[in-house]
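> Residue numbers (my numbering), protein chains in the order written: chain A, 88 to 433; chain B, 88 to 433; chain C, 88 to 433.
Incorrect hints may appear among the rest.
Which copy? The list can't say, so a pair holds if one copy fits it or any two copies do.
As the list claims (entries may be wrong) - The calculated SDA-like cross-link candidates involving lysine to any residue, where the alpha carbons are at most 20 Å apart (straight line), are:
id	residue 1	residue 2
1	116	176
2	202	165
3	141	113
4	317	278
5	401	280
6	431	175
7	372	282
8	182	283
9	386	410
10	132	366
11	401	382
12	197	187
13	173	136
14	116	408
15	235	411
16	430	195
17	184	233
18	182	114
No lab work stands behind these hints: they were computed from the structure.
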Amino acid sequence: MEFTAKQIAQLIQGRVEGDDEVTINTFAKIEESRPGAISFLANPKYTHYLYETKSSVVLVDEDITIDQPVNTTLIRVRNARDCVAKLLQLYESMKPKKNGIDSLAFVSPKAKIGKDVYIGAFAYIGDGVELGDDCLIYPHATIMDNCKLGKGCIVYPNVSIYHETHFGNNVTIHSGSVIGADGFGFAPNEEAGSYDKIPQIGNVVIEDDVEIGANTCIDRATMGSTIVRKGVKLDNLIQIAHNTDIGRNTVMSAQVGIAGSTKVGEWCMFGGQTGISGHIEIGNKVALGAQSGVPGNIKSNQRLIGTPPMEQRKFFKSQALIRRLPELHEQIKTLLKEVEELKKNK
Amino acid sequence: MEFTAKQIAQLIQGRVEGDDEVTINTFAKIEESRPGAISFLANPKYTHYLYETKSSVVLVDEDITIDQPVNTTLIRVRNARDCVAKLLQLYESMKPKKNGIDSLAFVSPKAKIGKDVYIGAFAYIGDGVELGDDCLIYPHATIMDNCKLGKGCIVYPNVSIYHETHFGNNVTIHSGSVIGADGFGFAPNEEAGSYDKIPQIGNVVIEDDVEIGANTCIDRATMGSTIVRKGVKLDNLIQIAHNTDIGRNTVMSAQVGIAGSTKVGEWCMFGGQTGISGHIEIGNKVALGAQSGVPGNIKSNQRLIGTPPMEQRKFFKSQALIRRLPELHEQIKTLLKEVEELKKNK
Amino acid sequence: MEFTAKQIAQLIQGRVEGDDEVTINTFAKIEESRPGAISFLANPKYTHYLYETKSSVVLVDEDITIDQPVNTTLIRVRNARDCVAKLLQLYESMKPKKNGIDSLAFVSPKAKIGKDVYIGAFAYIGDGVELGDDCLIYPHATIMDNCKLGKGCIVYPNVSIYHETHFGNNVTIHSGSVIGADGFGFAPNEEAGSYDKIPQIGNVVIEDDVEIGANTCIDRATMGSTIVRKGVKLDNLIQIAHNTDIGRNTVMSAQVGIAGSTKVGEWCMFGGQTGISGHIEIGNKVALGAQSGVPGNIKSNQRLIGTPPMEQRKFFKSQALIRRLPELHEQIKTLLKEVEELKKNK
Numbered sequence: 088m089e090f091t092a093k094q095i096a097q098l099i100q101g102r103v104e105g106d107d108e109v110t111i112n113t114f115a116k117i118e119e120s121r122p123g124a125i126s127f128l129a130n131p132k133y134t135h136y137l138y139e140t141k142s143s144v145v146l147v148d149e150d151i152t153i154d155q156p157v158n159t160t161l162i163r164v165r166n167a168r169d170c171v172a173k174l175l176q177l178y179e180s181m182k183p184k185k186n187g188i189d190s191l192a193f194v195s196p197k198a199k200i201g202k203d204v205y206i207g208a209f210a211y212i213g214d215g216v217e218l219g220d221d222c223l224i225y226p227h228a229t230i231m232d233n234c235k236l237g238k239g240c241i242v243y244p245n246v247s248i249y250h251e252t253h254f255g256n257n258v259t260i261h262s263g264s265v266i267g268a269d270g271f272g273f274a275p276n277e278e279a280g281s282y283d284k285i286p287q288i289g290n291v292v293i294e295d296d297v298e299i300g301a302n303t304c305i306d307r308a309t310m311g312s313t314i315v316r317k318g319v320k321l322d323n324l325i326q327i328a329h330n331t332d333i334g335r336n337t338v339m340s341a342q343v344g345i346a347g348s349t350k351v352g353e354w355c356m357f358g359g360q361t362g363i364s365g366h367i368e369i370g371n372k373v374a375l376g377a378q379s380g381v382p383g384n385i386k387s388n389q390r391l392i393g394t395p396p397m398e399q400r401k402f403f404k405s406q407a408l409i410r411r412l413p414e415l416h417e418q419i420k421t422l423l424k425e426v427e428e429l430k431k432n433k
Numbered sequence: 088m089e090f091t092a093k094q095i096a097q098l099i100q101g102r103v104e105g106d107d108e109v110t111i112n113t114f115a116k117i118e119e120s121r122p123g124a125i126s127f128l129a130n131p132k133y134t135h136y137l138y139e140t141k142s143s144v145v146l147v148d149e150d151i152t153i154d155q156p157v158n159t160t161l162i163r164v165r166n167a168r169d170c171v172a173k174l175l176q177l178y179e180s181m182k183p184k185k186n187g188i189d190s191l192a193f194v195s196p197k198a199k200i201g202k203d204v205y206i207g208a209f210a211y212i213g214d215g216v217e218l219g220d221d222c223l224i225y226p227h228a229t230i231m232d233n234c235k236l237g238k239g240c241i242v243y244p245n246v247s248i249y250h251e252t253h254f255g256n257n258v259t260i261h262s263g264s265v266i267g268a269d270g271f272g273f274a275p276n277e278e279a280g281s282y283d284k285i286p287q288i289g290n291v292v293i294e295d296d297v298e299i300g301a302n303t304c305i306d307r308a309t310m311g312s313t314i315v316r317k318g319v320k321l322d323n324l325i326q327i328a329h330n331t332d333i334g335r336n337t338v339m340s341a342q343v344g345i346a347g348s349t350k351v352g353e354w355c356m357f358g359g360q361t362g363i364s365g366h367i368e369i370g371n372k373v374a375l376g377a378q379s380g381v382p383g384n385i386k387s388n389q390r391l392i393g394t395p396p397m398e399q400r401k402f403f404k405s406q407a408l409i410r411r412l413p414e415l416h417e418q419i420k421t422l423l424k425e426v427e428e429l430k431k432n433k
Numbered sequence: 088m089e090f091t092a093k094q095i096a097q098l099i100q101g102r103v104e105g106d107d108e109v110t111i112n113t114f115a116k117i118e119e120s121r122p123g124a125i126s127f128l129a130n131p132k133y134t135h136y137l138y139e140t141k142s143s144v145v146l147v148d149e150d151i152t153i154d155q156p157v158n159t160t161l162i163r164v165r166n167a168r169d170c171v172a173k174l175l176q177l178y179e180s181m182k183p184k185k186n187g188i189d190s191l192a193f194v195s196p197k198a199k200i201g202k203d204v205y206i207g208a209f210a211y212i213g214d215g216v217e218l219g220d221d222c223l224i225y226p227h228a229t230i231m232d233n234c235k236l237g238k239g240c241i242v243y244p245n246v247s248i249y250h251e252t253h254f255g256n257n258v259t260i261h262s263g264s265v266i267g268a269d270g271f272g273f274a275p276n277e278e279a280g281s282y283d284k285i286p287q288i289g290n291v292v293i294e295d296d297v298e299i300g301a302n303t304c305i306d307r308a309t310m311g312s313t314i315v316r317k318g319v320k321l322d323n324l325i326q327i328a329h330n331t332d333i334g335r336n337t338v339m340s341a342q343v344g345i346a347g348s349t350k351v352g353e354w355c356m357f358g359g360q361t362g363i364s365g366h367i368e369i370g371n372k373v374a375l376g377a378q379s380g381v382p383g384n385i386k387s388n389q390r391l392i393g394t395p396p397m398e399q400r401k402f403f404k405s406q407a408l409i410r411r412l413p414e415l416h417e418q419i420k421t422l423l424k425e426v427e428e429l430k431k432n433k
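Make the full structure from the sequences, and use the hints.
In structure tokens, the structure reads:
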């Protein structure tokens with residue numbers, strides 16, 4: 088696929104400065120530029136790269152001042168970052184898609200498969216599964232009995248989806264993730280001197296437009312459903328325990344863990360490795376810094392960090408003072424001595 | 088499957104209050120009640136749900152006082168929570184089980200397969216493997232050469248079990264878990280300017296009644312065995328390094344990490360994201376709060392939290408004071424000034 | 088495979104003390120000794136095990152003093168630990184290797200396969216893949232389109248390698264790891280009230296001699312490459328985000344997380360559960376203790392621990408004082424009272 092600067096400019100309503108017939112066929116970061124590529128410049132701090140770039144075309148924010156000659160074709164746009172995202176989406180959408188059901192796939196005769204679906208070699212589609220149109224099920228994905236997936240879902244290799252899981256439309260699950268494994272429920276049995284398993288008879292419901300990274304786990308509910316609501320984005324290696332409810336458009340970085348029965352609001356953002364206790368409630372638009380530890384409820388509209396989470400300014404002040412604790416300790420010892428002295432000499 | 092209130096009451100030795108012919112066919116939490124479901128009430132705090140429940144039957148603890156009219160059938164029992172666990176187990180045990188060896192499975196002719204075993208499509212059973220009776224091996228499970236599994240083991244999709252791993256009876260492994268991958272052993276080779284791999288020739292031994300969650304890793308020993316003893320329950324995304332020894336009935340929440348050669352006692356409980364150093368010893372009945380960091384040995388019968396772990400009361404006091412460090416710092420500064428002043432004026 | 092003490096001594100240039108015709112066929116730790124095994128003793132602290140060992144041969148460091156009679160054959164060497172590593176490598180190299188392409192594997196007719204390659208049942212090799220000589224691709228490994236693997240690579244069961252990933256020679260990936268899944272890139276779209284996906288069109292490049300543990304994730308770059316350089320060793324359950332660059336011979340313990348676009352130097356060592364922010368730079372030979380949290384750049388040649396990381400001595404002092412905060416708080420309160428008193432009586 089090749090495009091001229093002129094074609095690109097039309098797509099994103101930009102204005103060409105330079106040769107509008109130059110062609111590009113790939114993307115490159117401005118600091119890793121090469122001929123035939125399109126790059127972008129949104130941060131004035133990186134303007135110096137523009138004067139030495141080898142990329143054939145560079146998208147530049149309208150308000151960036153250029154005060155040296157450039158050897159590349161510029162396309163001026165209101166927001167270069169948004170434009171590049173749009174172009175990347177276009178580029179992705181033009182890639183050929185896999186399709187058809189591979190003869191090496193296992194598809195239960197009791198499954199219902201929509202139109203224009205891809206099912207790769209060694210994919211496993213169990214009894215009673217319903218797959219919507221345009222789904223892509225990659226090799227080694229396992230979709231167990233009675234799961235229902237909407238339209239346009241993508242399930243990458245080695246994903247495991249346990250029985251009775253429900254997906255909305257346009258749900259994407261990256262490799263190795265496990266949806267619907269048993270929640271962690273055991274009751275001590277004192278007579279037997281062991282634990283009894285509490286069967287987990289609920290399921291997992293994932294609504295439209297959710298994307299889940301690699302090797303993330305979302306456990307099925309004991310009863311009822313573990314729910315991941317519309318537009319949620321989860322990174323890799325995240326733990327979502329049974330009976331949790333994750334609100335719309337909430338985003339979590341890698342290695343976050345949410346314990347059982349916790350309710351998380353909408354538009355939250357959790358930094359990596361954050362841990363959240365079970366049976367609590369987190370409001371809407373709560374931002375938590377990386378590695379936070381959350382023992383109790385949090386109200387909406389707060390940016391917090393730490394264990395327990397506190398305002399960011401307070402956290403950084405406290406963190407700085409932790410490093411100075413030995414010094415503070417010395418000061419206290421000195422004070423104790425001096426006050427003792429003063430009391431004696433009174 | 089449908090049961091009358093009367094039949095349920097007989098099963099769990101309860102006493103019916105209301106219509107004993109009403110039938111139920113599923114479970115529901117009391118706050119998500121619906122006709123045809125059985126719910127339970129064990130915590131008096133939730134008694135108000137009872138007055139508005141749509142569930143057909145509710146199990147209620149003997150000692151809960153009911154002072155408003157109820158429209159549902161009650162079954163009075165000594166311990167509603169235990170009874171519901173028992174009923175759930177019964178319900179699970181009545182579900183039809185998969186069985187037979189799928190024609191799309193790979194079973195080495197050198198493997199020994201017990202009676203009444205299920206081996207799903209695309210499951211892989213290597214040379215010299217021994218599978219006990221009543222095992223369920225789901226699609227895409229990989230059991231490499233010379234593994235031995237006892238009776239009634241369940242291996243979910245996409246589990247990898249490396250060569251020479253030994254399971255007792257009734258071991259359950261959820262999807263994506265990896266048992267017996269190489270321990271992390273490398274020795275710096277100064278001449279070559281790189282690391283040499285230390286081959287990991289030991290194995291993993293998992294005793295009876297162990298359940299392991301999804302995407303958990305248990306590494307094989309360098310020499311000898313990494314051992315997970317009878318009745319241990321591990322949640323998802325846990326790391327158990329080489330040559331560790333996890334004592335009977337110990338329970339760990341998600342994302343815990345145990346470094347190499349550490350010995351953990353019996354009946355311990357570790358909160359999520361806890362990290363434990365290598366080459367140390369944790370006693371019996373040690374409870375560690377979430378996100379604890381353990382640098383050294385811990386004696387038996389303690390409930391600790393933090394890094395390093397301390398008594399819970401002390402931890403929460405210290406945590407509270409960390410937040411107040413800026414204030415304490417100001418107080419120290421004031422004291423220093425005032426004492427200086429007092430010394431001058433002496 | 089059986090060897091005499093004499094043969095072993097020749098291999099590792101050691102000196103036999105005792106019966107040089109005794110034979111061994113396995114390894115055992117000195118504290119788990121048994122007839123027919125070779126053990127080693129490198130730490131004088133464990134010398135007492137030597138007097139009661141059942142192992143047939145024990146490698147002993149030259150400088151360890153033995154002052155009681157021993158019933159086993161000794162081989163004296165300069166460095167017993169190194170020698171045992173060498174013997175283990177030899178032992179591993181003598182084990183029969185899998186080979187040939189299983190008839191149940193899927194190998195695209197558009198893939199190029201080197202000599203002496205093993206491809207197990209249910210392995211999936213996509214279009215345009217190039218596999219170097221002597222690669223071992225285990226059952227259920229998925230290698231998607233256009234990946235290139237050098238010579239001698241080992242890919243264990245249930246590994247997922249996304250399209251266009253490049254491996255050098257002798258790269259080993261343990262089960263469940265996911266290489267090249269989409270980086271976590273989403274931009275809020277205020278009009279739509281949701282997030283837009285930023286397509287991740289870059290790839291992952293893994294250089295020679297890298298070993299990656301189980302269930303670890305390395306995300307593909309947005310543009311350009313996520314790079315893991317020569318000799319890097321990663322343990323299990325690690326998160327390496329998009330566009331990171333991990334320097335040569337760096338080693339990370341389990342559950343470490345590195346956020347996007349961070350550059351890590353050579354010969355670093357990161358303890359388990361450490362978290363590192365995005366868009367920062369870590370120098371060469373930086374050692375970070377377990378559970379550290381790194382918000383900003385770190386210069387080369389430092390041993391740090393904590394959040395933010397500090398010198399170890401400082402960290403342990405601060406940690407100790409955190410435990411004593413309640414006591415310090417009491418002292419400050421007393422001081423405030425006493426100084427108030429002194430001021431009054433002045």
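> Next step is simple, just say for each hint if it's right about the structure.
Each hint tested on the structure:
no.: 1; hint: 116 / 176; result: within (16 Å within a copy, 43 Å between copies)
no.: 2; hint: 202 / 165; result: neither (40 Å within a copy, 54 Å between copies)
no.: 3; hint: 141 / 113; result: within (13 Å within a copy, 60 Å between copies)
no.: 4; hint: 317 / 278; result: between (45 Å within a copy, 16 Å between copies)
no.: 5; hint: 401 / 280; result: neither (47 Å within a copy, 32 Å between copies)
no.: 6; hint: 431 / 175; result: neither (77 Å within a copy, 72 Å between copies)
no.: 7; hint: 372 / 282; result: between (39 Å within a copy, 14 Å between copies)
no.: 8; hint: 182 / 283; result: between (51 Å within a copy, 18 Å between copies)
no.: 9; hint: 386 / 410; result: between (30 Å within a copy, 18 Å between copies)
no.: 10; hint: 132 / 366; result: between (45 Å within a copy, 15 Å between copies)
no.: 11; hint: 401 / 382; result: both (18 Å within a copy, 16 Å between copies)
no.: 12; hint: 197 / 187; result: both (18 Å within a copy, 18 Å between copies)
no.: 13; hint: 173 / 136; result: neither (23 Å within a copy, 50 Å between copies)
no.: 14; hint: 116 / 408; result: neither (40 Å within a copy, 46 Å between copies)
no.: 15; hint: 235 / 411; result: neither (56 Å within a copy, 51 Å between copies)
no.: 16; hint: 430 / 195; result: neither (88 Å within a copy, 87 Å between copies)
no.: 17; hint: 184 / 233; result: between (26 Å within a copy, 15 Å between copies)
no.: 18; hint: 182 / 114; result: within (14 Å within a copy, 47 Å between copies)
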